[in-house]
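Trainee: Residue numbers (the numbering used here), protein chains in the order written: chain A, -2 to 136; chain B, -2 to 136; chain C, -2 to 136; chain D, -2 to 136.
FYI, nobody ran anything at the bench for these hints, they're computed from the structure.
As the structure is a prediction and not an experimental result, all values here were calculated from the model.
Treat the hints with care, since some could be wrong.
No copy is singled out in the list; a pair is fine if it fits within one copy or between any two copies.
List time: in silico SDA-like cross-link candidates among lysine to any residue, alpha-carbon distance up to 25 Å [stated by the list, open to error]:
hint: 1; residue 1: Lys61; residue 2: Thr108
hint: 2; residue 1: Lys130; residue 2: Val69
hint: 3; residue 1: Lys130; residue 2: Val53
hint: 4; residue 1: Lys113; residue 2: Met62
hint: 5; residue 1: Lys3; residue 2: Arg116
hint: 6; residue 1: Lys118; residue 2: Gly95
There are 4 protein chains.
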Amino acid sequence: MKFESKIRVQFYETDSMGIVHHSNYIRYFETARTEMLRQNGYSYASMEKAGVWMPVLSVTAEYKMPALYDEVVSVYCWVEKLRGASVDLKYEVIGEDGRLCVVGRSSHGFTDPDLKPIRMKKEWPDMYEFFKKLEQPEE
Amino acid sequence: MKFESKIRVQFYETDSMGIVHHSNYIRYFETARTEMLRQNGYSYASMEKAGVWMPVLSVTAEYKMPALYDEVVSVYCWVEKLRGASVDLKYEVIGEDGRLCVVGRSSHGFTDPDLKPIRMKKEWPDMYEFFKKLEQPEE
Amino acid sequence: MKFESKIRVQFYETDSMGIVHHSNYIRYFETARTEMLRQNGYSYASMEKAGVWMPVLSVTAEYKMPALYDEVVSVYCWVEKLRGASVDLKYEVIGEDGRLCVVGRSSHGFTDPDLKPIRMKKEWPDMYEFFKKLEQPEE
Amino acid sequence: MKFESKIRVQFYETDSMGIVHHSNYIRYFETARTEMLRQNGYSYASMEKAGVWMPVLSVTAEYKMPALYDEVVSVYCWVEKLRGASVDLKYEVIGEDGRLCVVGRSSHGFTDPDLKPIRMKKEWPDMYEFFKKLEQPEE
Chain A
-2 MKFESKIRVQ FYETDSMGIV HHSNYIRYFE TARTEMLRQN GYSYASMEKA
48 GVWMPVLSVT AEYKMPALYD EVVSVYCWVE KLRGASVDLK YEVIGEDGRL
98 CVVGRSSHGF TDPDLKPIRM KKEWPDMYEF FKKLEQPEE
Chain B
-2 MKFESKIRVQ FYETDSMGIV HHSNYIRYFE TARTEMLRQN GYSYASMEKA
48 GVWMPVLSVT AEYKMPALYD EVVSVYCWVE KLRGASVDLK YEVIGEDGRL
98 CVVGRSSHGF TDPDLKPIRM KKEWPDMYEF FKKLEQPEE
Chain C
-2 MKFESKIRVQ FYETDSMGIV HHSNYIRYFE TARTEMLRQN GYSYASMEKA
48 GVWMPVLSVT AEYKMPALYD EVVSVYCWVE KLRGASVDLK YEVIGEDGRL
98 CVVGRSSHGF TDPDLKPIRM KKEWPDMYEF FKKLEQPEE
Chain D
-2 MKFESKIRVQ FYETDSMGIV HHSNYIRYFE TARTEMLRQN GYSYASMEKA
48 GVWMPVLSVT AEYKMPALYD EVVSVYCWVE KLRGASVDLK YEVIGEDGRL
98 CVVGRSSHGF TDPDLKPIRM KKEWPDMYEF FKKLEQPEE
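Isolated chain A (complex conformation) (with noise of 0.2 Å):
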């Protein structure tokens, strides 16, 4: 399952290219991903606070064509495998005009606050069920 969520590209996210820096879509990203969870009950905020944690690991982003001021643009989001104790996620976000723009991957741990690993299949099933219907399988 692809959740999207609308981003409108701010006036100070865009660099004298005048175009959005290539940094802020990693920001994209976050807001994506963190929607996904709300939207779906696990708000991030309230993971934190049951002590789930989900440290970035690694990201990826490929850029295509540049977003532009003012401009609402699509990130669509979802779960490209998950893992024992960790997730990768995959990220698209789509120009107004329905053209690609950038295609991105980021990969997360699922730790308690001391960063140690937990195992989310056996201590946490009802969120490793949540995010495993929003796995997608790749075309």
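Based on these hints, arrange chains B, C and D on the given structure of chain A.
Mentor: Just chains B, C and D now, with coordinates in the frame of chain A:
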């Protein structure tokens, strides 16, 4: 005494007008005041460890001329007014060619980690004297 | 007339004090004023295309209470004072529980793309009237 | 040849986990590669004026250990692979105590201001040779 910090304008700090985005000067002020503290033996990190916080109560910035990508600006910082439990700092951002870019001010309380005011003069006389020496009477 | 924009606090906008970094409210002000313009039929992108720029002349912010991660703050924006070639805007950032977080102000010139002042009342009477309607006499 | 840039971690770059927000390393990479170019006589500002752009095609970052507020990190940058019209750069961010914080990579095209590819070897042999010298065979 005006303390000078040199800051190279980064590409990601510019906006699509081709100049430094106005919000970033507020960050330059922060860099300049922490550098002033550090160079005088009071790094903000060590102050926090000692239990002295300096939360920002207000900021102002007047934009005269834009700073440009790749330029090394000089950010001057000094103490405008020291009070018992708060301090006003002033800033000037000067371009490579000597033009005045931005004038600013920030006010800070002195507090403990619970944000209760600290009477600097009484409780931290050394630090009070240090700030006193940085005070610069308005011309 | 006070125009309300709702902004979700992002994780990347917090700092290690666990609250929104003070520089980011300056960005919230920008989001709020462009949203106010857009909702009233004058997107800043379209104004720029028409040749009307609104460079920031100054900003101020007073920090009352911190905004927190994941909170949806209301940013109110209105016209404090409209002059022939410039305008003062005011802002209030209100937390989810109704507490006042930040009060701010920004001043803007009306200029052409070469930053020459534009006499709004004469040259763009419609836009002048639009701003006039947003003017809110200080209580 | 690995080029070293030293970057002081700013307070506004931390997040409420008390560490550098992961998106900011992408900005450190940009600072490091422009510093590498500048120190070797090719400032990015001057390259742009000469009509050579280096748009970012992709970035990756692997997060090993967090960098902390006020720490001076060393960002090493080098050329991993130079091709006719593009280049892959690699990065390592090392903490003050020598720990490896982040490993990254960015790919860039060489283009003219209309984003048409430039055959560096043919059209800018000097710049091609300069990048060739920075190439570092993978160990």
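Trainee: Indicate, hint by hint, whether the structure satisfies it.
Mentor: Hint by hint, here is what the structure shows:
Proximity of Lys61 and Thr108 under a CA criterion of 25 Å is satisfied inter-copy only: 15 Å between copies versus 33 Å inside one chain copy. Taking CA atoms no more than 25 Å apart as the test, Lys130 paired with Val69 passes in neither setting, with 27 Å inside one copy and 27 Å between copies. Proximity of Lys130 and Val53 under a CA criterion of 25 Å is satisfied intra-copy only: 21 Å inside one chain copy versus 34 Å between copies. In this homomeric assembly, Lys113 and Met62 come within 25 Å of each other (Cα to Cα) only across copies, at 14 Å, whereas the closest approach inside a single copy is 39 Å.
In this homomeric assembly, Lys3 and Arg116 never come within 25 Å of each other (Cα to Cα): the closest approach is 32 Å inside a single copy and 37 Å across copies. Within a single copy, Lys118 and Gly95 get their C-alpha atoms no closer than 37 Å, and across copies no closer than 36 Å, so neither meets the 25 Å cut-off.
Checked against the numbered hints given earlier, this structure breaks hints 2, 5, 6; the rest are met.
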